[in-house]
Every structure is written in C-alpha cells, then in structure tokens.
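A.B. asks: If you want the building blocks of each chain, they are given just below.
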Amino acid sequence: MIKNKINYSQRKYVIGSIFILVAFILLIKLFIIQIIDSSYKQSSENNTLRYITQYPSRGKIYDRNGKLLVYNDAVYDLMVVPNQVKNIDTLSFCKLLNINDSIFNIYMNKAKKYSRITPSIFISQITKEEYGRIAEMLYHYPGFYFQTRSIRQYPTPIAAHTLGSIGEVTKPEMERDPYYQLGDYIGKSGIEKYYEKELRGTKGLKITVVDVHNREKERFMNGAYDTLPEAGTDIILGLDADLQAYGEYLMSGKTGSIVAIEPTTGQILAMVTSPTYDPNELVGRKRGMRYSELLNDPDKPLINRAISGTYPPGSTFKMINGLVSLESGVITANTAYPCHGPESAPIKCTHHHSSPVRLYDAIENSCNPYFWQAFQDMMNSKRFENQKEAFQFWYNQVTSFGLGRAFKSDIPFTVSGNIPKKEFYDKIYRGVWNAMTVRSLSIGQGEILVTPLQLANVAAAIGNEGYYYEPHYIKSFSNNDTVAFEKHVIDIKQKHFKDVKKGMQSVFEGEHGTARMSYIPGITVGGKTGTAENPHGPDHSIFMAFAPVENPQIAIAVVVENAGFGSTWAAPIASLMIEKYIRDNVTRPNVEKRVLTINETAK
Amino acid sequence: MRSKTIIGKIDIWLVIIYLALTTIGLLSIYAAAVNEAHPHIYDFSQNYGKQLLFIGVSLLVGFIILLIDAKFFNAFAYVFYGFSIVCLLLVLVVGSKISGSTSWIQLGPISFQPSEFAKFGTALALAHFLGKLDTDITKFKTQLTAYGIVFLPMLLVLAQGDAGSASVFIIFLLVLYREGMGGKILIIGLVAATLFILTLCVSKWYMMIGLVVLYAIFLLLIDRTKKNIWLLTGILIAACAFVFSVDFAFNHVLKQHQRTRINIILGKEHDIKGVGYNLNQSMIAIGSGGFSGKGYLNGTMTKYNFVPEQHTDFIFCTVGEESGFVGCFVLISLYLALILRIMHLAERQRSPFSRIYGYGIACIFFFHFAINIGMTIGLVPVIGIPLPFLSYGGSSLLMFSMMIFVFLKQDANRMNIL
Chain A
4 MIKNKINYSQ
14 RKYVIGSIFI
24 LVAFILLIKL
34 FIIQIIDSSY
44 KQSSENNTLR
54 YITQYPSRGK
64 IYDRNGKLLV
74 YNDAVYDLMV
84 VPNQVKNIDT
94 LSFCKLLNIN
104 DSIFNIYMNK
114 AKKYSRITPS
124 IFISQITKEE
134 YGRIAEMLYH
144 YPGFYFQTRS
154 IRQYPTPIAA
164 HTLGSIGEVT
174 KPEMERDPYY
184 QLGDYIGKSG
194 IEKYYEKELR
204 GTKGLKITVV
214 DVHNREKERF
224 MNGAYDTLPE
234 AGTDIILGLD
244 ADLQAYGEYL
254 MSGKTGSIVA
264 IEPTTGQILA
274 MVTSPTYDPN
284 ELVGRKRGMR
294 YSELLNDPDK
304 PLINRAISGT
314 YPPGSTFKMI
324 NGLVSLESGV
334 ITANTAYPCH
344 GPESAPIKCT
354 HHHSSPVRLY
364 DAIENSCNPY
374 FWQAFQDMMN
384 SKRFENQKEA
394 FQFWYNQVTS
404 FGLGRAFKSD
414 IPFTVSGNIP
424 KKEFYDKIYR
434 GVWNAMTVRS
444 LSIGQGEILV
454 TPLQLANVAA
464 AIGNEGYYYE
474 PHYIKSFSNN
484 DTVAFEKHVI
494 DIKQKHFKDV
504 KKGMQSVFEG
514 EHGTARMSYI
524 PGITVGGKTG
534 TAENPHGPDH
544 SIFMAFAPVE
554 NPQIAIAVVV
564 ENAGFGSTWA
574 APIASLMIEK
584 YIRDNVTRPN
594 VEKRVLTINE
604 TAK
Chain B
7 MRSKTIIGKI
17 DIWLVIIYLA
27 LTTIGLLSIY
37 AAAVNEAHPH
47 IYDFSQNYGK
57 QLLFIGVSLL
67 VGFIILLIDA
77 KFFNAFAYVF
87 YGFSIVCLLL
97 VLVVGSKISG
107 STSWIQLGPI
117 SFQPSEFAKF
127 GTALALAHFL
137 GKLDTDITKF
147 KTQLTAYGIV
157 FLPMLLVLAQ
167 GDAGSASVFI
177 IFLLVLYREG
187 MGGKILIIGL
197 VAATLFILTL
207 CVSKWYMMIG
217 LVVLYAIFLL
227 LIDRTKKNIW
237 LLTGILIAAC
247 AFVFSVDFAF
257 NHVLKQHQRT
267 RINIILGKEH
277 DIKGVGYNLN
287 QSMIAIGSGG
297 FSGKGYLNGT
307 MTKYNFVPEQ
317 HTDFIFCTVG
327 EESGFVGCFV
337 LISLYLALIL
347 RIMHLAERQR
357 SPFSRIYGYG
367 IACIFFFHFA
377 INIGMTIGLV
387 PVIGIPLPFL
397 SYGGSSLLMF
407 SMMIFVFLKQ
417 DANRMNIL
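One line per chain: the protein sequences are A and B, in this order.
Every position in the first sequence, counted from 1, becomes a number in the working numbering once 3 is added.
Every position in the second sequence, counted from 1, becomes a number in the working numbering once 6 is added.
Here chain A stands alone, though its shape is the one from the complex (with noise of 0.2 Å):
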C-alpha cells in the first residue's frame, strides 16, 4: 500500500492549527461580548426586562369629500406578569380597581393560564379618568403596569354595516397569522376586516428595565432594540357621508335597503339597510353584550340586506329582457306587441295603456304582454338551433351584468342571488319545457333573485350604456395608492341601451310614467319600479334608477320590504336620494315628507 504514497500525516498540524485557531476566535469573539461589552448586560440580576408592546394607531377612515367617519380614541389596558407580581395587598388592590376578591382571582387565574411570564391584559379598557387615579397608586403592585390602546369612535353613527367594526382576536386568527397577540384587536367585518392589513400598521416595541418597585427605570440599551410602531394607513371610501344619512334617514322605521353606485368608477356612494345599528354601540368593552343583543333582536339588525337580501325583481328585469331580445335581433326598439290589459293571456297587464306598444311605451306602462311576447319570440326564434340555445344565449346575457353570482371586490359576504341555468330546468321539467313554461322570466319573477347591490349594478350598467366596475368600497388609500377593480363591458349594443334608457326616462317623464309622481324638476332621470312578488307577505316595492339620462353620476336601487307597490314607495324614496347627491338638498318637502308619514303610519 505504500507504492509510490507519500506520507502525508505532517498535515494534522495543519488541520489541528485550523481547529484550534477557530475555536480561539470564538473565545475571542465570547470574551468580547460577555466580559469587556458591559452594554449587553443587565444592571442588577434584581431587574427585570419589561416589553411594551406599542400599538400603532389605526388607519382612519374619511368618506369621499374628506369627511372623518372612524377615528381613534386612547384608553388603557391594565397588563399583568403573573410572575412578577409579589407579595401585593389584593385587598387595597381590589379596592382601587373597583372589583372584589373572586373577579380578582378569576381575571389571575386567566392570565396565569396563558403565560406567567409574558404580559397579558388583566382590565381591557379602562378609561382616561379611572387611568389617572389607579395609575397614581400602581407603584404599590409590582408586576402590574398600563398599556396605551386606542378604540374606535365614530363622529356619525352611520354606515354601521359598511365600515364594520373590531375585536379582539380569536385564537383561529392568532393561528393564521402569528402577528397577532392575544387581547390585540382586528376588523371582524365591513372596511375594518378587508383592509385589515392596510389599517393595522406595525406594531412597535418599547423594552425597559424595571426594578424591584415596578418602576419602569430606563430604556434597555438606550432603546436600541426598541422599534417604533408605524401607523396604519388611512382610507377613503366612496361613500358620501351626507347621502348615506340621508338614506339611513329616509329608511328608518322600515325594512329594506338603499344602493348608490358612481357608475363611472363603481364606487359605492351609499350602502343603506334598514334597521341598523349605531356603530358606536359597537365599542370597548360594551362590543360582546351589545353584539349578542343585537344578534337576538327579531328585526335581525345585523343582517345587511344590501348584499344578502334576495328579491325577484320583478319589473325592474324588464330592462334586461328588452336589451337581450333587441341585442338576439328578434325585435328592434320600433316592434310592437298588442296588449289586451287585465285580459292578455298568460300573463296579463295590470295598467291601462293603448295598444300595440312599442319598447319605449312597454317600459314607461310596464306592460308584461310586451315583454312575455319578445321574450317568446326569442325562445321560438329561428336565429337559434332551438330553444335551449336561445335559453343559453339569454342566460350569458343576463350574466353579464353581474346577476346570479357572487362579487369580487372589498365589499364582503355579497350573495349571488339566483340566475336559473338550463340544467335547472332540464331536471325539474325532465329535458321537456319551452319559453311557455319559464314565462314567469319574462317579468322578472319565477327563480330569479337578486340583491340590491346587483340592482344598483344593473341600473350603473344601463346608465353606463354598456360597461360597469365591480363594485366596490375604496376609493383610495389617503397615500393616494388605489386599488384597481375589474371593468365589465356586456356584449350588448350601445344603441340598444340608449332605446332602453330613453324608455327609462319616460318613467318619470311620460304621461303614464309609473313613476311621475316622482319627477325631480330640472333633472332627468331613468327609472324603473318594480313590484316583487313575495310568497312570505305582501309584496316587495323596489325601484331602480340612474341620474342624470345623459351622464349618470348615480345609479341607486332601493327595496322596501312588504310595501306594496313600487312606484308608491321605492319610486319616491330613489328620487329623494338622486336629487339630494346632485343638488345637495331636497326641493320638494312634501314628497320627503311623505315618505317619512307613510312609514309611520305603515308602523
């Protein structure tokens, strides 16, 4: 084995030089850190280090012309290390807290469970006036200190669904995501959860060394570990403060809800359900006995029926029927269908009109024999293979605008309502039905359901003549970031949505317009009502609308619950809204007035 080897067992000084020269350097490298550097030690063993968690404040929220709707407010938490807390008089303790001895030992018992050496919260939430007197005598109980915590205030008691509202953390959410503590707080719906990562900011650390006297004595390191919390970032809405309480307003006493959308952007201008809540009922430490009161008010006022409400909806469909037929070329705006009033067959007319009508007379008098007839003749049409295509075809139309699904923007939990697919059909009428048995389509009743946010989308679309954003919340981030929203355009013609608008704007301006009674003077609008069929009670007033005709900068749906009809309610209801965002104050008292009678008296 030696052949032509030579012996290389010299190089073990080698190796055992490297060996010992680097563990030299890490004695070095250990000297100079614990022996010669005094910074990284601690000034007495009797010391301790406390780490203060500094809350950054949340992000605020302004409405679209800069009007605050949420700000913070400071109150003080009282922290506790369990381990640190010696040989304390629990009685005067209690005395001072304003607590007796078993809430005492019950609130310990908490914080010793979850850790006795880091900080928990033993009182959340104590205000500014009770902090300055327990703070005054704290010295006396080591291991107790405060902690600053702001809470949400609202100037006016609006929007309440929208903009959501915070809580403590539970421990799914601590799981989720290991930035939060227990006893932090995090939006628990509306803006506050969406945005929550926007809102929150960084929380920041302040560590000091406190002495035996729980006296926070001085910076650890001169606070060359501490970081400093970053504010969270501020956020402007689409909302109109002023609409929204007006709507909220206009609302009160009855069941439904208001949508406002800015059809050039999407953006919501007001979001009303009806009851609601006031958000700052929602606060502190009242949240958990307040939030299950709410929860078991029969009125249900936490349900926000804006997004998960579902209606048929009824005769405001009608204007998607018509786009879809004009668009299929079976009619053109200039067909016209008879109608033989309360005698027409299957589905007969509820007003008094002449006949034929044209599209725009069918719209203004919300005749259904038109609209079954076009409809039927798009299902028989021969431009389709045959029935179900024609179905198929009117389905994806109807899609489009954002009917029977879900949206995807940053207003959550919006429902899908309901768009009947052919397989619907095919399996409860095995494969055999035609335009005959849908018919109830037509008038926008049968299976069809949506929700006022898709309303107020379709108005925004028809308005828009063609196009719509998703709809959503923000309108930006006050560093002026923006976050971008999807932009839908709907195969239809823009020609057929002008036939359609000029329909809808005889609504209001024609003879027999079903909603005349609530012409604004001076502004054109193009509405739509809509009477819901309701198999739980009386019927659903709904109307749909944009303003103004030629350059819409609102389009609005509103429902009204068990109303009747929509002309007499919704109608009046829509054009106090439209009027009060263009012109900023309502010209006609005696309509508001009696819109605000006729809920007293519905009461």
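Because the hints were derived from the structure by calculation, they are not lab data.
Bear in mind that the values here come from a model prediction, so they are computed numbers and not experimental data.
Mixed in with the good hints, there may be bad ones.
[Said to hold, decoys possible] Taking lysine-lysine and the DSBU-like style, the derived pairs with C-alpha atoms no more than 35 Å apart in a straight line are:
| id | chain 1 | residue 1 | chain 2 | residue 2 |
| --- | --- | --- | --- | --- |
| 1 | A | 490 | A | 391 |
| 2 | A | 98 | A | 115 |
| 3 | A | 15 | B | 77 |
| 4 | A | 15 | B | 190 |
| 5 | A | 113 | B | 56 |
| 6 | B | 261 | A | 206 |
| 7 | A | 131 | A | 113 |
| 8 | A | 411 | B | 261 |
| 9 | B | 261 | A | 209 |
| 10 | B | 56 | A | 89 |
Assemble the complex: chain A is given as a structure, and chain B must be docked to it using the hints.
C.D. replies: Leaving out everything else, chain B in the frame of chain A:
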C-alpha cells in the same frame, strides 16, 4: 472473544467527553424549555423528556454498534451511502415542509431528516473509497470520484432548500487534504472565500477594477515569459468568472431570507425586528451571562423565551447566559478535546478506512460546532444547523452518536488489523 473484551478496549476519554456533552445538552434543554406545569426532567410530554429518551435510544444503538463486527461498516459503506442518497431523493418527492425547507420524512409518528444520515453515509463512503489499497489520490480520476461522493449528497440537500445542511459537506475537503490532495486546494479555497466575501461587500464592478489592477501589478513584477503571461491571464479570467457567478448566485439563487442573513453579518443591513431579531436576542442572552453567568435555571432572557428556536439551533444561548464565559470556555474546550481526540485516535489507526472515517467525523463535528456557535454570537450568518449533542432533536443526536460509536468500534478493533 472480542465481544467480551470490547469494553476494555474502547477509548474511555472519548466516551467521557461524549457523555459530558450529551448531559450538558439535556440540562440546557431543560433550562431553556422548562415548563412549570411539568417540572420533571423525565416527563416525556416535554422536549427535555423526549431528549432523555433520544439519549437512551442513542446509547442503545451505540451499544449494538459495538457488538457488530468492525469490518461491517467498511464492507457496507456504499450500502449506507446508497441508502442515504435514496432517502434524499425520496424526501424531494414525499418530504414534509418544516420552516421553509422540505427536509423531513414522516414515518407514522416518527419523522427524520435524511440530510443528517447522509453526512454519516458520506463519511463512510469516502473512507471506503480512499481507503482501498489500489486507490491513488494523486490521480485525477480518483480525485474526481472523491468530489463526486461528496458533492452528490450536497446538491441533493441543496435541492431541498436546506442550504445550511448542504454547506456541511464542504468540510470533507479537509479530509481530502489530509489524504494527500494538493495543498493548493486550501489556498484556492481561502482565496475563493476572500473573493466571495469581498464580492458581497462591494460591487462586482469595483472587484473587476481591483482584479485588473492586481493583474497589471503582477505583470510588471514577474518574469514576462509567454507561459507566465498566459497563466496570469488565466487566473484573472477565472477570478472574474468566479466574482460574476458569486454575484449571480447571491442575487438569483439564494432566497431572500438567506440574503438577509448574510447582509446582517456583513453589516449591510440592520433588521432588529425581523431576521436580526434572533441574532440580537441571542447575543443579548449570551452577553448578559458575563464572566460566570446568572446561574443554572436563572437565565432571564432564555427562560422568558426571548430567544426563538432556543432549545434547538440556539441552545448555546442558554449555556452562555446561565454559565457565562467560564461555561462557554469549558464547553468549547470539550468540543476541541472531542475533535482533537478523534484526530489523535485516527492517526494511530492501521487501516486507512478507520483513519479517513475518523477525520471525516472530526471535520463534521468541527463544522457544526464552529458554525453553530459562530452564528449565535454573530460571527457567521444564521444557518440552521444543530450543535452536536446539545441541540434538541432525535435525528441529529442519533446520527452524531452513531458516528462516534462506529469510530469507537474501529478504534477498539485496530489491533486486529494486520
């Protein structure tokens, strides 16, 4: 019979050092992770209880190894190696992800890290290959094969995203050096390391200018024969290529967290709340230990969980805080004694396999010990490799123990080899 007298022949010093280190490890894990609700060290629901269990298993496996024929590990070296390669491949397919890298295989309740086993397998295979009578290390082909044995598992571990464990394999170059590989390799390695660090610190373009200036100076100084000029030009090109590939690797191959760790060590980034947090907490803990420490179980920093990963990769913090510089000195001396003792024993082996294997494990222990402690005191980037015998974890403890016991067996058997 051999098996009767084996106890008498094993190196008692190595055994004592081994037991001392595992005991210090257990006590440190207890100090770092003690849970007041479960104060007993043998409470198997807690990490220290589990570590006690791992020590028991390791001793049992070690005892079995002592009973196995000494030739077994030489004869089956390639089998161990092959098995570890298969496991490394397997982990890429079915591995479970723990803290960013896919390096664990889950077998029912047991999970283990094939990269730990691969170090052992590689040490055996390298020793077997170089220890064969007909192996001539001066031949290029031999060297290439030796590199292949080392770099294959290294690349596979790298593919798991575990750059820390992969870097361990570099240390086998020291073994090759001991066995006669050209001494230039260490110089080249040193130059490469210097270039590497400089490239990360200053821009690659400045590096280029510097290299060209150096080239010009050398050109003026040397005999300008044709051969020398070509050689110097070749070195310049190689150095430039190296600088560029380091720059590329740093910016495109390494992950952001690895870049950040390196930048913190180089002083280019200060990040106290993020990645730097571990390091700062760790240095505060160790630094606050002072000369003689705060006393066992009295470390405030470590006990209050201010140091993350404290019972695994940052276990040295507990030692530093609670037993101070004295304790660190003792611990480092113990490691140095372990490594030098293995080297000493390796040199007295008659069989090249045993010698090379001894050097292999000495180097592995050295790398782990130096890098792990170096990272807790801010000398090297935070690389997640365990401190042998101290860090909590079954896979690593068992592997390190097997390495020791296989060597003990080889050493006890050395007189039986002609």
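A.B. asks: Which numbered hints turn out to be false for this structure?
C.D. replies: none
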